[in-house]
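Chains as they are written, first to last, in my numbering: chain A, 1 to 102; chain B, 103 to 285.
Result set (BS3-like, lysine-lysine): computed pairs, CA atoms no more than 25 Å apart in a straight line: (1) B/LYS139 x B/LYS168; (2) B/LYS256 x B/LYS214; (3) A/LYS96 x B/LYS266; (4) B/LYS148 x A/LYS77; (5) A/LYS94 x B/LYS269.
Beta-carbon label-pair distances, calculated as ranges: (6) A/TYR29 x B/GLN252: 39 to 49 Å; (7) B/PHE216 x A/THR39: 21 to 31 Å; (8) B/PHE216 x A/VAL24: 32 to 42 Å; (9) B/GLN135 x A/VAL32: 20 to 30 Å; (10) A/ILE55 x B/HIS225: 20 to 30 Å; (11) B/ALA219 x A/PRO23: 31 to 41 Å; (12) B/ASP197 x A/MET19: 43 to 53 Å; (13) B/GLN252 x A/VAL24: 42 to 52 Å; (14) A/PHE36 x B/GLY149: 19 to 29 Å; (15) A/MET19 x B/LYS242: 38 to 48 Å; (16) B/TRP224 x A/GLY62: 17 to 27 Å; (17) A/LYS33 x B/GLN282: 21 to 31 Å; (18) A/TYR29 x B/LYS285: 28 to 38 Å; (19) B/LYS207 x A/PRO23: 47 to 57 Å.
Hints are computed from structural coordinates only; laboratory data are not their basis. Just so you know, these numbers come straight off a predicted model, no measurement behind them. By construction, the Cβ of each residue, glycine as well, lies at the ideal position given by its N, Cα and C atoms.
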Amino acid sequence: MKKLFFFVLISLFLSSCAMVYTPVSGFVYTNVKGPFAVTSNSGSSKVGYAEMNSILGWFASGDASISAAAKSAGISKIHHVDYEASSLLGIVAKYKVYVYGE
Amino acid sequence: MFMASSHDKKGVCKSTLLFYFLIFVINHDSQAQNISKYYRSNLQEKGTLYYVLPMEGFINYQDNTKFIYDITCLNSVDSVTFNFSYFDSSLLKLDSLELTGSHFKTVVYLEKIFVDATKKQWHHRYTSRISLNDIKTFFKDNDLPIIWLQSKNKRVQLNIDNKKWIKQANIILKIIDLIQFNK
Numbered sequence: 001m002k003k004l005f006f007f008v009l010i011s012l013f014l015s016s017c018a019m020v021y022t023p024v025s026g027f028v029y030t031n032v033k034g035p036f037a038v039t040s041n042s043g044s045s046k047v048g049y050a051e052m053n054s055i056l057g058w059f060a061s062g063d064a065s066i067s068a069a070a071k072s073a074g075i076s077k078i079h080h081v082d083y084e085a086s087s088l089l090g091i092v093a094k095y096k097v098y099v100y101g102e
Numbered sequence: 103m104f105m106a107s108s109h110d111k112k113g114v115c116k117s118t119l120l121f122y123f124l125i126f127v128i129n130h131d132s133q134a135q136n137i138s139k140y141y142r143s144n145l146q147e148k149g150t151l152y153y154v155l156p157m158e159g160f161i162n163y164q165d166n167t168k169f170i171y172d173i174t175c176l177n178s179v180d181s182v183t184f185n186f187s188y189f190d191s192s193l194l195k196l197d198s199l200e201l202t203g204s205h206f207k208t209v210v211y212l213e214k215i216f217v218d219a220t221k222k223q224w225h226h227r228y229t230s231r232i233s234l235n236d237i238k239t240f241f242k243d244n245d246l247p248i249i250w251l252q253s254k255n256k257r258v259q260l261n262i263d264n265k266k267w268i269k270q271a272n273i274i275l276k277i278i279d280l281i282q283f284n285k
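With the hints as extra help, turn the sequences into a complete structure.
Below you can see the structure in the form of structure tokens.
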């Protein structure tokens, strides 16, 4: 009975790990940066930032939209957008968006 | 008397190793003060654009409200863009920001980016231009600095904890050195 309970608990735990969207990811540790979008606008003097977080895959919150990041720095012309994804053992995961523009 | 089996001992050993591994992964960056996780750089036509990620720590202890700032700097220019978010229960029209240290004081005018409503407070988002030398002097101060936000009806005092200040000032000074070195 104890084994069954333990198995169910582990299954529940692993089935809802805090994962983060990225083309490459590590189960133990992830910390990657990559391109998200690029436009034909030239030059950038401002950087906007937005993030979202997840804990254990049970709780997730935040607004990491391009519009939220652009708004944070008052950017109206977007030059390009990068992202950064990080996670640790499925316990915590973070997704950050950087918007460069004018 | 209870005797632990070798199976139990192995389990304890594995858990301890996992615990120390986690502590190492979480802490090794802060111990070595790896500044790379606190800024991003991007090559531009007119130089390199540096972005210092949002920093927390300054608090209005009277109302228990937060102040979060970030810094953007193009290394060919001698000033930085100082953006910040200030959360307050009342709606404020902020005019200026004052950085005060033990031997230093500078006042800069603010430009509003937006004001938003959150659950219980107003999110004030403002921007200002501060000279790179003034920012460097501010973060070089060994004594605890104070940030003042001035609006027509209210003067908000923001203080920071000593431990947080030392860490934050060291990180930002290192990034400023890097920006100036890459000029």
